[in-house]
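J.: Residue-level listing of the chains:
Number of protein chains: 2
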Amino acid sequence: MGYGKGIIEKYFNILPVNENTPVVTLNEGSTPLIKAENLRDKLGVGFEVFLKYEGLNPTGSFKDRGMTVAVSKAAEKKARAVICASTGNTSASASAYAAKAGMKSIVVIPKGAIALGKLSQALIHGAKVVAVKTNFDGCLKVVRELCEKYEVEMVNSLNPNRIEGQKTASYEITEILGDTPDYQFMPVGNAGNITAYWKGYKEINEKRGLSLPKMMGFQASGAAPIVEDRIVNKPETVATAIRIGNPASWRQAVSARDESKGGIDSVSDEKILQAWQELAACEGVFAEPASAASLAGLKLCLENKKIDKDFRGSVVCILTGHGLKDPDRAVKSVKKPVVVKESTEKVASAAGLI
Amino acid sequence: MGYGKGIIEKYFNILPVNENTPVVTLNEGSTPLIKAENLRDKLGVGFEVFLKYEGLNPTGSFKDRGMTVAVSKAAEKKARAVICASTGNTSASASAYAAKAGMKSIVVIPKGAIALGKLSQALIHGAKVVAVKTNFDGCLKVVRELCEKYEVEMVNSLNPNRIEGQKTASYEITEILGDTPDYQFMPVGNAGNITAYWKGYKEINEKRGLSLPKMMGFQASGAAPIVEDRIVNKPETVATAIRIGNPASWRQAVSARDESKGGIDSVSDEKILQAWQELAACEGVFAEPASAASLAGLKLCLENKKIDKDFRGSVVCILTGHGLKDPDRAVKSVKKPVVVKESTEKVASAAGLI
Chain A
27 MGYGKGIIEK YFNILPVNEN TPVVTLNEGS TPLIKAENLR DKLGVGFEVF LKYEGLNPTG
87 SFKDRGMTVA VSKAAEKKAR AVICASTGNT SASASAYAAK AGMKSIVVIP KGAIALGKLS
147 QALIHGAKVV AVKTNFDGCL KVVRELCEKY EVEMVNSLNP NRIEGQKTAS YEITEILGDT
207 PDYQFMPVGN AGNITAYWKG YKEINEKRGL SLPKMMGFQA SGAAPIVEDR IVNKPETVAT
267 AIRIGNPASW RQAVSARDES KGGIDSVSDE KILQAWQELA ACEGVFAEPA SAASLAGLKL
327 CLENKKIDKD FRGSVVCILT GHGLKDPDRA VKSVKKPVVV KESTEKVASA AGLI
Chain B
27 MGYGKGIIEK YFNILPVNEN TPVVTLNEGS TPLIKAENLR DKLGVGFEVF LKYEGLNPTG
87 SFKDRGMTVA VSKAAEKKAR AVICASTGNT SASASAYAAK AGMKSIVVIP KGAIALGKLS
147 QALIHGAKVV AVKTNFDGCL KVVRELCEKY EVEMVNSLNP NRIEGQKTAS YEITEILGDT
207 PDYQFMPVGN AGNITAYWKG YKEINEKRGL SLPKMMGFQA SGAAPIVEDR IVNKPETVAT
267 AIRIGNPASW RQAVSARDES KGGIDSVSDE KILQAWQELA ACEGVFAEPA SAASLAGLKL
327 CLENKKIDKD FRGSVVCILT GHGLKDPDRA VKSVKKPVVV KESTEKVASA AGLI
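Protein chains in written order, with this note's numbering: chain A, 27 to 380; chain B, 27 to 380.
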């Protein structure tokens, strides 16, 4: 349970690695599980609320758990490069771990699709970013062809090693709580993460007999293919990290929902941003907007009475990424500073002290 | 040594807290100590190089270690608010911990001095940000007067509880290494952090008899008051987190240098940015520009032969904040993506595979 280790060293026996796997790590994992007492009071509930703050992984998102395994396995195969079609957290993580491995990283993106700011991490970690005159599907096709022709490892979410690494978060939650939680609320985009957590909890259940949590997944209303049971061609939401119209792990997410007797529902952008601001203002936790789908989902379930507010037990909300990934959103969402003359009284008044 | 605890719970006995102190924590601390083998090879040195990645504290900088103690003590005193004059990491941390404590936070800044982006964290955590028509010294004066008149706790770096909290990083490094390092390289701005680390190491030395590291501090050339032994009226550097002309802990930094037989020197912005890019591209670690003063300093000492490259031992470089604090710098510093037609061959060529 040391914080001085990455997840491969910590969870060697449950991951697809062996003594010959070169361990490429940035000491990911061991992220905080924060007791959210202010939120609990505000919601007026009897259960404990915990926030799993995955934004404190090295590149600022949960992707690092999967990437340490995917890149280590790529290094074991002696791949020349890792490649992904991604404009966000995956490209940031892939390029950081590739840098650590001394491997090339290639990020393929549709031309014109993305602001450069979103790529700042990939760029600074030395990724070769190639903008292709096509759409996202066209990019994926190019990526697949490159993997066939060259010694290049695809680290998009279809890479099964990613899921294996990500499941370690279930183990950490269980370690800290001393038990599995009763409910887990989380955002659902490509659905790899709900798949991974569920795999982790099932393993823990098999090995230690601990009960399975109900898996509660939330998509954004404008990008809710699983909820609506149809591919969404033009997904739209402020929660960019879950702006996905055709999730790669769709089937597995439905299984996690059904096997756990949980649910997958959608929440509006307005509710997401409200929950996102609440996390920052009540709990001091600054997360990516997408992360707040978990709290927005919990609030929805309390309204709908899908979860009993007087129930005694534990609820974990997964916060998938750090708010610093999207600082502009914060500036857009708040009041500008007040300007006053140099006077202690005027400052006291502006600050609400008098 | 659990990651499931904040630093007050972990280091209760060495901090100025007691059973009546309400612990305000975001599970700060327990940050990675990353073995930098690529850098070691690149530098061609015989010693081990470690990176203490303090950017993985909750608000993205080392300030959280001090703030958990300062805000907990403010809560113990039943302060109505915490206040600071800061435009950067201190205001982000103060406002997050105040939010967690259910306390008001007030951030006083000189009007026109700062881009709103730097304040995104303070704003989203609900701080009352007041821009005053004066300079930084005028702001500090207003802050002091407010603290005299109202039940408001000042959490600027003059607050001694900040130093106490920050010293815990020395303990963590020693825990992970199993010993104190031989050298510690770190950025020096307001000089509170070098003061805190030195205090930590001296305590460890007294209690456990472990030897004291040499403290090697680095200022930016355009903001090097300690090196030049004079107040710098208009400090200038890209490393905004150490853009300080008159450090609050000046005297203590000089003591740390002299008592440890270390050194405080300056490094140019060019060398800082070069080291910053090296950290990201060779080690996969994205830090604030100021953080890279530690690596730039190590390289300077190797050039000057102030440190023997064949020496066998351990060197720790402190990386004080996360690179996501300043994403624009990354975008400014790298090549823009290449644009190509939809063709696997063209992408392969642009990515350097053929």
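Just so you know, not all the hints are guaranteed correct.
[As the list claims (entries may be wrong)] Below, simulated DSS-like cross-link-like pairs (lysine-lysine); rule was C-alpha separation at most 30 Å, straight line:
| no. | chain 1 | residue 1 | chain 2 | residue 2 |
| --- | --- | --- | --- | --- |
| 1 | B | Lys362 | A | Lys233 |
| 2 | B | Lys137 | A | Lys367 |
| 3 | A | Lys367 | B | Lys361 |
| 4 | B | Lys61 | A | Lys31 |
| 5 | B | Lys68 | B | Lys260 |
| 6 | A | Lys240 | A | Lys175 |
| 7 | A | Lys68 | A | Lys325 |
| 8 | B | Lys130 | A | Lys297 |
| 9 | B | Lys228 | B | Lys130 |
| 10 | A | Lys159 | B | Lys260 |
| 11 | A | Lys297 | A | Lys325 |
| 12 | B | Lys103 | A | Lys68 |
| 13 | B | Lys331 | A | Lys358 |
Source of the hints: derived by calculation from the structure; they are not laboratory data.
J.: Would you mind confirming whether the straight-line C-alpha gap from Lys68 of chain A to Lys325 of chain A stays at or under 30 Å?
T.: holds, 11 Å
J.: Holds or violated: are the alpha carbons of Lys297 of chain A and Lys325 of chain A at most 30 Å from each other?
T.: holds, 9 Å
J.: Mind checking the alpha carbons of Lys362 of chain B and Lys233 of chain A for me, to see if they're no more than 30 Å apart?
T.: violated, 49 Å
J.: Tell me if the straight-line CA distance from Lys367 of chain A to Lys361 of chain B falls inside 30 Å.
T.: Distance of about 44 Å is beyond 30 Å: violated.
J.: Given the hinted pair Lys159 of chain A and Lys260 of chain B, is their alpha-carbon gap at most 30 Å?
T.: Distance of about 47 Å is beyond 30 Å: violated.
J.: Against the 30 Å threshold, does the CA-CA distance of Lys103 of chain B and Lys68 of chain A hold or violate the hint?
T.: holds, 24 Å
J.: Next pair to validate is Lys130 of chain B with Lys297 of chain A; report whether the Cα-Cα distance is within 30 Å.
T.: Given pair Lys130 of chain B, Lys297 of chain A holds - Cα atoms ~24 Å apart, limit 30 Å.
J.: Does the alpha-carbon distance linking Lys240 of chain A and Lys175 of chain A stay inside the 30 Å limit?
T.: violated, 43 Å
J.: Under the criterion that the straight-line Cα-Cα distance not exceed 30 Å, is the pair Lys228 of chain B, Lys130 of chain B satisfied?
T.: violated, 35 Å
J.: Sort out whether Lys367 of chain A lies within 30 Å of Lys137 of chain B, counting only the CA atoms.
T.: Status holds; Cα separation ~9 Å.
J.: For the pair supplied as a hint, Lys68 of chain B and Lys260 of chain B, confirm whether the alpha-carbon distance does not exceed 30 Å.
T.: Outside the cut-off at roughly 36 Å; violated.
J.: Holds or violated: Lys61 of chain B and Lys31 of chain A, Cα atoms, limit 30 Å.
T.: The given pair, whose Cα atoms are some 11 Å apart, holds under the 30 Å limit.
Hint compliance for this structure: hints 1, 3, 5, 6, 9, 10 and 13 are broken, all remaining hints hold.
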